[in-house]
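As given, the protein sequences belong to chains G and W, one line each in that order.
In this text, residue positions in the first sequence follow the working numbering: the first is 257, and each later residue adds one.
In this text, residue positions in the second sequence follow the working numbering: the first is 257, and each later residue adds one.
Please keep in mind that the hints were generated in silico from the structure rather than gathered at the bench.
Given the structure is predicted, the values throughout are model-derived calculations rather than measurements.
One thing to keep in mind: the hints can contain errors.
Same chains, same names: a pair is fine if it fits in one copy or spans any two.
Below 16 Å or equal to it, Euclidean Cα-Cα: the simulated EDC-like pairs (lysine to aspartate or glutamate) are [unchecked claim]:
no., residue 1, residue 2
1, Lys266, Glu299
2, Lys258, Glu299
3, Lys266, Asp306
4, Lys262, Glu304
5, Lys336, Glu320
6, Lys336, Glu307
7, Lys290, Glu304
8, Lys296, Asp271
9, Lys336, Glu299
10, Lys275, Glu319
Here is what each chain is made of, one letter per residue.
There are 2 protein chains.
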Amino acid sequence: MKARIKITLKAGVLDPQGKAIEHALGALGFSGIKDVRQGKYIEVTLAETDEAKAQAQVEKMCEELLANMVIENYSFTLEKD
Amino acid sequence: MKARIKITLKAGVLDPQGKAIEHALGALGFSGIKDVRQGKYIEVTLAETDEAKAQAQVEKMCEELLANMVIENYSFTLEKD
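Could you build the full structure based on these sequences and the hints that come with them?
So this is what it looks like as structure tokens:
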């Protein structure tokens, strides 16, 4: 089973990388751009085939390692191989 | 209009960050994990309201700045505000 995990900064947390991208896009001539936020995207292949168990496993992974729950949120989708 | 962009390494490109996550998950006791790949996730808010134009604008952004087309792929979804 494949998990596609998105980790994003919580609203209100400063995002200097996002700001840098926003300025760079402006400098390249793109207009009407705002609120650029950068996060992480992680793909994990799990041996687990039961969807409920895989979901619990990915939640645990996100909370223990992948996301910093103080400043980040996570969301994910699961897909059968 | 909001664009949600995923930038991933092309297949075959080494991903040391993904490998580090895979090892760390193993060390935390997660089993049956493989093929961990880390990419970037970027959210951009566009002033453009026409979907076709927004799509062309995001493609241009990805190719000119956000993704390194030699080693990375991008995909995105657009969502009306």
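Hints, one by one, checked against the model:
Taking the shortest alpha-carbon separations for lysine 266 and glutamate 299, only the inter-copy value of 13 Å comes in at or below 16 Å, while the best intra-copy value is 21 Å. In the homo-oligomer, the alpha carbons of lysine 258 and glutamate 299 lie at most 16 Å apart inside one protomer (7 Å), although the nearest pairing across protomers, at 23 Å, exceeds that limit. In this homomeric assembly, lysine 266 and aspartate 306 never come within 16 Å of each other (Cα to Cα): the closest approach is 30 Å inside a single copy and 28 Å across copies. Taking identical chains as interchangeable, the C-alpha atoms of lysine 262 and glutamate 304 are never at most 16 Å apart, the minima being 20 Å within one chain and 25 Å between chains.
For a Cα distance limit of 16 Å, the shortest separation of lysine 336 from glutamate 320 qualifies neither inside one copy, at 24 Å, nor across copies, at 34 Å. Proximity of lysine 336 and glutamate 307 under a CA criterion of 16 Å is satisfied intra-copy only: 9 Å inside one chain copy versus 31 Å between copies. Only between protomers do lysine 290 and glutamate 304 lie at most 16 Å apart by alpha-carbon distance; the minimum there is 11 Å, versus 40 Å within a single protomer. Proximity of lysine 296 to aspartate 271 under the C-alpha cut-off of 16 Å is found in both arrangements, the shortest distances being 13 Å within a copy and 14 Å between copies.
Taking the closest pair of Cα atoms, lysine 336 and glutamate 299 come within 16 Å of each other only inside a single copy of the chain (13 Å); across copies the shortest separation is 26 Å, beyond that limit. For the identical chains of this complex, lysine 275 and glutamate 319 are neighbours neither inside a copy (26 Å) nor across copies (19 Å), given an alpha-carbon limit of 16 Å.
Hint compliance for this structure: hints 3, 4, 5 and 10 are broken, all remaining hints hold.
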